[in-house]
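Sequences are here, hints too, so could you generate the full structure?
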Amino acid sequence: MTDRTTNDAAAGSAGEVDWLSWWVAGLLFLGAAIVYFLPAFSAGRQIYGSDYLAGGYTFHEFISRRFAEGALPKWVPYVYGGLPIFANPGSTYHPFRFLGDLLFEPHRIFPVIYVLQFALAGLGAYLLTRELGVRRWIALLTGLAFQFTGLTMSYVLAGHEGRIIVATLTPLVLFLLHRGVRTGRAVWFAGAGLALGSALLSFQIQSSYYLLLLGAAWGIFAIVRTRVRGAGAVTGRVAMGLGAVAIAFLLAAVNFLPFLDYIDQSPRGGDGRGYEYSTSWSMPPAEITGLALPEHAGILDQYQGSNPFKLHTEYVGGVVLLLLLLGLYYNRKDRYWWFFAAAALVALTFSFGGHTPVYRLYYALLPGTRQFRAPSISFFVVSAALVTMAGLALERLATLRERAMDDDARLRPARYILAGAAVLALLLVLAAGAGPSDAHGRALSAGALRLAVVTWLAAAVLWAWLRRAVPTLLVLGALAVLTVADLWSVDRRFFETVEGPSIMYAPDDVVDFLRSQPGRDRAWILPGEVVGARSYGGSLRNYLMHHELDQVGGEHGNQLQRYNEFLGAGERTYVDWHNVLGDLRTLVSDGAPMGPRRRPPFLAAGNIRYILSMVELPGLTEVHRGRTGLVYEVPGALPRAYLVAEAIRAPSPDGALERMARPDFDPGRMAVLYEPPPRPLPGGPAGGETTITEYGPDRVVVDARTDRDALLVLADNYYPGWVATVDGDPADILRVNHAFRGVPLSPGEHTVVFEFRPSAVYRGLWLGIGGLFLLVAVGVVDVARHRRGAADEA
4 MTDRTTNDAA
14 AGSAGEVDWL
24 SWWVAGLLFL
34 GAAIVYFLPA
44 FSAGRQIYGS
54 DYLAGGYTFH
64 EFISRRFAEG
74 ALPKWVPYVY
84 GGLPIFANPG
94 STYHPFRFLG
104 DLLFEPHRIF
114 PVIYVLQFAL
124 AGLGAYLLTR
134 ELGVRRWIAL
144 LTGLAFQFTG
154 LTMSYVLAGH
164 EGRIIVATLT
174 PLVLFLLHRG
184 VRTGRAVWFA
194 GAGLALGSAL
204 LSFQIQSSYY
214 LLLLGAAWGI
224 FAIVRTRVRG
234 AGAVTGRVAM
244 GLGAVAIAFL
254 LAAVNFLPFL
264 DYIDQSPRGG
274 DGRGYEYSTS
284 WSMPPAEITG
294 LALPEHAGIL
304 DQYQGSNPFK
314 LHTEYVGGVV
324 LLLLLLGLYY
334 NRKDRYWWFF
344 AAAALVALTF
354 SFGGHTPVYR
364 LYYALLPGTR
374 QFRAPSISFF
384 VVSAALVTMA
394 GLALERLATL
404 RERAMDDDAR
414 LRPARYILAG
424 AAVLALLLVL
434 AAGAGPSDAH
444 GRALSAGALR
454 LAVVTWLAAA
464 VLWAWLRRAV
474 PTLLVLGALA
484 VLTVADLWSV
494 DRRFFETVEG
504 PSIMYAPDDV
514 VDFLRSQPGR
524 DRAWILPGEV
534 VGARSYGGSL
544 RNYLMHHELD
554 QVGGEHGNQL
564 QRYNEFLGAG
574 ERTYVDWHNV
584 LGDLRTLVSD
594 GAPMGPRRRP
604 PFLAAGNIRY
614 ILSMVELPGL
624 TEVHRGRTGL
634 VYEVPGALPR
644 AYLVAEAIRA
654 PSPDGALERM
664 ARPDFDPGRM
674 AVLYEPPPRP
684 LPGGPAGGET
694 TITEYGPDRV
704 VVDARTDRDA
714 LLVLADNYYP
724 GWVATVDGDP
734 ADILRVNHAF
744 RGVPLSPGEH
754 TVVFEFRPSA
764 VYRGLWLGIG
774 GLFLLVAVGV
784 VDVARHRRGA
794 ADEA
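Count along the sequence shown from 1, then add 3; that gives the number in the working numbering.
If you are wondering where the hints come from, they were derived from the structure by calculation, not from laboratory data. Virtual Cβ for every residue (Gly too), placed ideally from N, Cα, C. Treat the hints with care, as some may be off.
[Stated by the list, open to error] Between beta-carbon pairs, the in silico distance windows are:
1) 749 with 102: 47 to 53 Å
2) 466 with 502: 46 to 52 Å
3) 102 with 505: 22 to 28 Å
4) 515 with 730: 35 to 41 Å
5) 27 with 466: 25 to 31 Å
6) 289 with 679: 24 to 30 Å
7) 311 with 242: 45 to 51 Å
8) 42 with 407: 52 to 58 Å
9) 426 with 238: 50 to 56 Å
10) 238 with 477: 28 to 34 Å
11) 588 with 649: 25 to 31 Å
12) 624 with 664: 20 to 26 Å
13) 685 with 591: 44 to 50 Å
14) 477 with 345: 31 to 37 Å
[Stated by the list, open to error] In silico lysine to any residue, SDA-like type, Cα no more than 20 Å apart, as pairs:
15) 336 with 352
16) 77 with 565
17) 77 with 698
The structure is reproduced here in structure tokens:
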């Protein structure tokens, strides 16, 4: 067969669309993305995303605010007792996020990212298939098929921008790696490093992990397939490939360096949470039918699979599926086609997760797999592989058509395959129509009809084209319209807009009440499953954060494990709230007294002053009854900063919680420490007072007065990187009550300053800047050297 290592031959092929250069194709992809996402830029509207609205938007709003203030976003004080932004930075430092932040308000950032990433998805697929010898018009079709493929487009509904960034960059990374291996030029490896770095800056670690595995296999395959000769040439390409990965991690060091410090304090740290957790949200093998008929398992509310719910689709479109059938016959000797087939099959074994025994091998042998969950995330590799295979199949047909006479025997099987596909589509429609007439059955019939119509039309176009009855340009137009219309009809179900933030997050009477209260206190929004009603704020689980109010929980996912344990860490969930729920049950049990401690230990020590509920809680003092919820005040709640004069040593390395649960523990008089203070505390009540004079995300200032040696407790999460000074002199921060901060004070008046200075963030930022300069330097030197060589040859 023809050796697919260059696109030079395809460039001059008969039927080529000469004007369709890469930049024209890029503009077409960009235009298509703009048209698709245009509703998200409408006045008074914002894009919908279940995870995005639940928590993502408020974090991006916070990030934008910190950048606008000229500060790096480092610490988020509003949820889960405060946590470092780099525990889950998302796309904080992604270049497209910066661009969106520069041009628009925070609620437009995601649409900007989506427009640019989906344009890159199309362009990357175009460039990859061109690199593999595919002519321009077929590369354009391949790009459109990948740009609108169901999996990545459906991720919009949840707001999974990280998954989208990595998946849409996959073909571009493969193109740059292959071009680098084929030419041996450093500039292409530098480009691969830039693309990989952009993927890593999404901080979708799991998707990036799968992309790196795919890239490694692709690089090795490309070295073999392009027949790189000589140990020096092979070594050089391997070195440049490893260099590209190194540069990528340099570019993303601002995320990864501080995250490495966080891992041990993460709920997912250590050996993970077990095999059952890691294989949760595996893709049921039966749902592979979603490639052709997503209605089979059900879309959104009609989902009938074994997972709790499903917010995406694997649909690749009828045109791609038809071309894959043709490829099974016509590309059976094409090694590139079989590489992508193998990649798709391996990715499927990842996606199926716990449904097959193969994943146990990955879990046991592949580093990092124990920390992951939802192995179905790897399906983006399947989507990219199948679309590329479809492009290669159409290219093979185009090549045979060029060489064929009027009735070449080599094209007859194609006509049989097209006819067979049309018959299968008809049988599918008949079978679906014979099923139940309920909502799912009607949706299944409609989906089968959609697939059949696309198959019939595409088969007719290809049949006529193979018989030379229609020109190539008409085939391009017809298949492009069919591909986009088919995928668009499914994708659009996963794209919605809702009212803008000014309406959706408008302050209600509960917010107004909390804002009016003195001091800085936390509010606990009772989970719906606890009170038998929906939670206050509904799906906007970081609603209070938007108003810069502190809440006990929230929406995040990578909080600090010690704080989870303080609240009550669960076996199957990060938090089941059993410690604070125990306090609450005691408070509401018909007014039962708290006993000698007089205060609920966990609620009081955690500065949990207010409880927000949708149902009445007898035994608690109601302080506000509003249209959207009830607010109760916790008796004996302590302020954010307070003094104690008695220190109790924890009975074991993690025994503070056990000690706090004992009946004689009074958090207003004593604190549990894991190491003794520099000077013994005298015990008894601590006479004095504390006042928080400044409270910012990265800086807290407390004025304290005490009549004896005491411990200043700040009920914010303890974390390395926080430093303290007392009257300008450095002071140690002790871990208090398992999760919080404490600073020893001598008698007198003091000013205590807490500042968050995570050195890894600054090191990572400078490494990223250095990596960018290195990448540019490598590219400039390589281009200059290449031009000199070309001039010398001339």
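Range first: 24 to 30 Å. Now tell me if the beta carbons of residue 289 and residue 679 are that far apart. Violated: the Cβ-Cβ distance is about 60 Å, outside 24 to 30 Å.
Pair hint residue 77 and residue 565, alpha-carbon separation not exceeding 20 Å: Status holds; Cα separation ~19 Å.
Distance restraint evaluation - residue 685, residue 591, Cβ atoms, bounds 44 to 50 Å: 36 Å, violated
C-beta pair residue 515, residue 730: status relative to the range 35 to 41 Å that was hinted: Roughly 38 Å apart at Cβ, these two residues keep to the hinted range, so it holds.
Could one say that the CB atoms of residue 102 and residue 505 fall in the range 22 to 28 Å? 23 Å, holds
Per the hint of 28 to 34 Å, is the separation of the Cβ atoms of residue 238 and residue 477 within bounds? 49 Å, violated
Pair hint outcome, residue 77 versus residue 698 [Cα-Cα no greater than 20 Å]: Answer holds: residue 77 to residue 698 is near 14 Å, not above 20 Å.
Honestly, do residue 27 and residue 466 meet the 25 to 31 Å range at C-beta? Given a distance of about 29 Å, which is inside 25 to 31 Å, the answer is holds.
If I claimed the Cβ atoms of residue 749 and residue 102 lie 47 to 53 Å apart, would that claim hold in this structure? 52 Å, holds
Range hint compliance [Cβ, residue 624 to residue 664, 20 to 26 Å]: At roughly 24 Å between Cβ atoms, residue 664 and residue 624 fall inside 20 to 26 Å, so the hint holds.
Within 50 to 56 Å or not, the Cβ separation of residue 426 and residue 238? Since the Cβ atoms of residue 426 and residue 238 sit about 54 Å apart, the hinted range of 50 to 56 Å holds.
Could one say that the CB atoms of residue 466 and residue 502 fall in the range 46 to 52 Å? 49 Å, holds
In summary, the structure is inconsistent with hints 6, 8, 10, 13, 15 from the numbered list given earlier, while agreeing with the others.
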